[in-house]
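S.K.: Fit chain B to the supplied structure of chain A, relying on the hints for placement.
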Amino acid sequence: MSEAHAEMGFLRKYVFSTDHKIIGIQYGITALVFLFFGFCLMMMMRWQLAYPGEPIPLIGGLLGETRTDRGAMLPNFYNQLGAMHGTIMVFMGIVPLAVGAFGNYFVPLQIGAPDMAFPRLNMASYQAFVIGGVIMLVSFFLPGGAASSGWTSYAPLAVIATTGQTFWLFGMMFLIASSLLGGINFIVTIIHLRAEGLTFFRLPFFVWSQLVTAFLLVLAFPALQAASVMQLMDRLAGTSFFMPSGLVVGGEQIAAVGGGSPLLWQHLFWFLAHPEVYVLILPGMGIVAEVIAVNTRKPLWGYRPMVYSLLFLGFLSFGVWAHHMYMTGMGTTMSTFFQITTMIISIPSVIILTCLVISLWGASIRFPVPMLFALAFLPMFGIGGLTGLPLGLAAPDAFLHDTYYVIGHFHYVVAPGTIFALFAGIYHWWPKITGRQMNEALGKIHFWFSFLFMNGIFMPMMFEGMAGVSRRLFDPTIYVTGEAAHGLTIMTSWSAWGLALAQVPFIINFFWSMRKQEMAEDNPWQATTLEWATPTPPPHGNFPETVVAYSGPYEYSVPGAERDFSPQFIKQEA
Amino acid sequence: MNDPQYGWWLPPQISAHGDDIDLMINIIHWFMLALFVGWSLFIVFCLVRFRERPGHVAVYQPIEARFNRWLEVGVAVAEAAILIAFAMPVWAKVKTLFPINDTNTIIVRVVAEQFKWLFHYPGKDGKFGRTGPEYYADDNPAGLDFDDDDGIDDITVRGMHIPVDTPIIARLVTKDVIHSFKIPVMRITQDVIPGMEIPIWFEARSTGKFQIGCAQLCGLGHYEMKAKFTVESKQDFQRWLDEEHSALGLD
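Respectively, the protein sequence lines represent chains A and B.
Heads up, the final residue of the first sequence is numbered 574 in the numbering used here, and it's a clean run with no missing numbers.
Heads up, the final residue of the second sequence is numbered 825 in the numbering used here, and it's a clean run with no missing numbers.
No wet-lab data here; the hints were simulated from the structure.
Heads up, a few of these hints could be off.
[Claimed, not checked] Just some of the chain A residues that point at chain B, by a computed CB distance under 8 Å:
id : residue
1  : Leu58
2  : Gly61
3  : Leu62
4  : Gly64
5  : Thr66
6  : Thr68
7  : Ala72
8  : Trp151
9  : Ile347
10 : Leu360
11 : Ile365
12 : Pro396
13 : Gly468
14 : Gly552
15 : Ser557
16 : Asp564
[Stated by the list, open to error] Stretches of chain A that chain B covers, calculated by requiring three or more beta carbons in the stretch to come under 8 Å of a beta carbon on chain B:
id : region
17 : 334-346
18 : 352-358
19 : 371-385
20 : 480-486
[As the list claims (entries may be wrong)] Beyond 10 Å from chain A on every Cβ pair, some chain B residues (computed):
id : residue
21 : Met598
22 : Leu609
23 : Val631
24 : Ile637
25 : Lys669
26 : Leu692
27 : Asp722
28 : Arg761
29 : Ile767
30 : Gln790
31 : Thr804
32 : Gln812
33 : Ser820
34 : Leu822
Backbone N, C-alpha and C define an ideal beta-carbon position, used for all residues, glycine too.
Chain A extracted, bound-state conformation (with noise of 0.2 Å):
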């Protein structure tokens, strides 16, 4: 091992670099830059929402011509922006930060591993991921500018949308690329580089987690993989895989051979984009266990039914696609089939949200920032989750389709929910990675208007679909329904601008922290998984002396131990 973590060069060690550390770091750095840019783009589309027409301030005649007249926003950089933030926030920004800056970063040093199983695939995933991104945003320059088809890209319209859908598939052809090398090395690593002793229910539960998301990575993904080569050939090569014929489109004859289906398009980007759901919350939900875990300084409660409701909830996540698609006409038998595996796959979801829950009982809980962000994520969670059920059934869905409530209901899974476990994540592990200690007050301010902030922006956005307010509306007033909750709308915006505000004090302590904070030792939280066993921060190799695991995950406040917890690492004197 020595001789292959040897000292290296500057490009060697931070840009080309094999090390599971440096390309999460990588990885967490890239996924942060893109989801703060998707959020600019949605805070440009909430000033239009909010004020209709009207110049955008400061940055409206900066813009151009072909985004803006006057200043004021064009319909059609509306639905640039709307397909644009969609893919950022969930294939650049999410995806990445969950799985390949805290997977990479963290499942090696928690199984006790020296590195990923395949060092230079890792590598050859996060630049993909870095190709993919930077295609997507160049898009934004073409004339036409980017993908304005929504992020679902449907079939017909996204096939005879600009050139801007065209950078989007080979865009997204890379980042599957790179999510599907990054699968691949997370299965083959968790199951065969685990420390002597780790079996796999000693595993912590976001390794678990990380398991599971990889193996949804890699089985959900090929489809949208190929799906977008036939979009692809179906705009560049004449086919006609989602075209039927007799297309008329402005009154002209399309020239398509016709034939094909635009609901094969929807079929495989939903096979794809339902277990991707599960890609976005359930590392997330590690990061909670374990973030409970440590400031409960107890057990989790309940971490057999945990992970078999996650091997569930994985397993199912391929058979509810349809249930984004009611509303196209499908027969009441498919629809039942899809309602209930949808009502099925909520309870495995209940079932890790109470364990989770009732891990707060008997405890001795401390408050630290990431204890605040994982247990907002508790409730922000359970919105989300619950706001599925009229969703998932089709008659409330006749309604509530393609309106504010849904984007109200997976916002709240994925922003105060994913996202809050993330923040939870970073601050968590931030001594580890980076050897400092991040700024409590700075912390508490950040959490607080952000938990404020985050409902302010999606609660209205439930009202608003309850009154009838659909989705993707350059401007909503024009319809009686937007008219009448146009003050949720500006109350969304405020609350959207204002988050932003929020994120001010989060990025002082990022930068500040790193320098001027105080030195944290190897294991500040006090905490028994594998990682705390390393040096802070780990060199290149994580372990200086080969690991083994004698215990649980979780062995905190053992009766009878001379601490309150018991790390994984260290034999306990039975």
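M.R.: Below, chain B without anything else, positioned relative to chain A:
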């Protein structure tokens, strides 16, 4: 005709199947609220009761919790009840029990295109003229074959008129991309898929003027793809039809 009231909760409801849908939405939301409040109270209680403080230690042994079983079984039972008692029968009624044998039923062909709706009525003879994508033109937005006599008296308009208390079958087609036929007050959403004709049916319980919107992103003008939706008494509807017929010069 009273002015319908719109606000921050469900909009007016005038559909024959809408009460069932609204009832379901309300029941599910009470259920959600109960669960959420229960969870939250438990969490807040734990955070206070089991906070870290001098002399307080965590309990290693897992507690014997029974209520989680009750909760999980309760959620499963509630979901099954909603599914079996409401979701499946309501949806079956909405999607399958087409009033084709009802002689009062009015059939309307709805043609969607970027970014307008067109409503095509069969006219006095009760027969639709032959249509096909090859006939679409600026002066023929419904795509009628002018050689077919059945089509001579067909009415094509940009706003939908229907009589109250009468079953309506709408046959949805699109010329170009996917659109979605949404009438919030009727509690209806139905995607219109290129290459398919999708029928839906509904029945209005009261009169008024409302809006139809497009709920599926269909391009630049998606947001302004709306149409007027007028529900009127049977007499008023007949009068409207007669006026449209005289406008065609057929009387």
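S.K.: Against each hint, give a clear statement of whether it holds in the structure.
M.R.: Outcome of the hint check:
1. Leu58: Nearest chain B Cβ about 25 Å off; hint violated.
2. Gly61: Violated, about 22 Å.
3. Leu62: The hint is violated - Leu62 of chain A has no Cβ within 8 Å of chain B, the shortest such distance being about 22 Å.
4. Gly64: violated (17 Å)
5. Thr66: violated (13 Å)
6. Thr68: violated (15 Å)
7. Ala72: With a minimum Cβ separation of about 14 Å from chain B (threshold 8 Å), the hint on Ala72 of chain A is violated.
8. Trp151: This interface hint is violated because 10 Å lies over the 8 Å limit.
9. Ile347: At 6 Å from the nearest chain B Cβ, Ile347 of chain A passes the 8 Å test, so the hint holds.
10. Leu360: holds (4 Å)
11. Ile365: Holds: closest Cβ of chain B sits about 5 Å from Ile365 of chain A, inside 8 Å.
12. Pro396: holds (5 Å)
13. Gly468: Holds. Min distance 4 Å.
14. Gly552: violated (12 Å)
15. Ser557: holds (4 Å)
16. Asp564: holds (7 Å)
17. 334-346: holds (count 6)
18. 352-358: This one holds; 5 residues, not fewer than the three required, reach chain B with a Cβ under 8 Å.
19. 371-385: With 5 residues in contact (Cβ-Cβ under 8 Å with chain B), the coverage given for the region 371-385 of chain A holds.
20. 480-486: The restraint on the region 480-486 of chain A holds, since 5 of its residues have a Cβ under 8 Å from chain B and three suffice.
21. Met598: violated (5 Å)
22. Leu609: Since the minimum Cβ distance to chain A is about 6 Å, Leu609 of chain B lies within 10 Å and the statement is violated.
23. Val631: Label violated. Min Cβ-Cβ 6 Å, cutoff 10 Å.
24. Ile637: violated (6 Å)
25. Lys669: Lys669 of chain B is in fact no farther than 10 Å from some Cβ atom of chain A, at 5 Å.
26. Leu692: Given that every Cβ of chain A is farther than 10 Å from that of Leu692 of chain B, nearest at about 13 Å, it holds.
27. Asp722: Nearest chain A Cβ is 18 Å from Asp722 of chain B, so the label holds.
28. Arg761: violated (5 Å)
29. Ile767: violated (6 Å)
30. Gln790: Violated, because the least Cβ-Cβ distance between Gln790 of chain B and chain A comes to about 7 Å, which does not exceed 10 Å.
31. Thr804: holds (14 Å)
32. Gln812: With a cut-off of 10 Å, Gln812 of chain B remains clear of chain A, as the shortest Cβ separation is near 27 Å.
33. Ser820: holds (29 Å)
34. Leu822: At roughly 24 Å from the nearest Cβ of chain A, Leu822 of chain B sits farther out than 10 Å, so the non-interface label holds.
When held up to the earlier numbered hints, the structure conflicts with 1, 2, 3, 4, 5, 6, 7, 8, 14, 21, 22, 23, 24, 25, 28, 29, 30 and fits the remainder.
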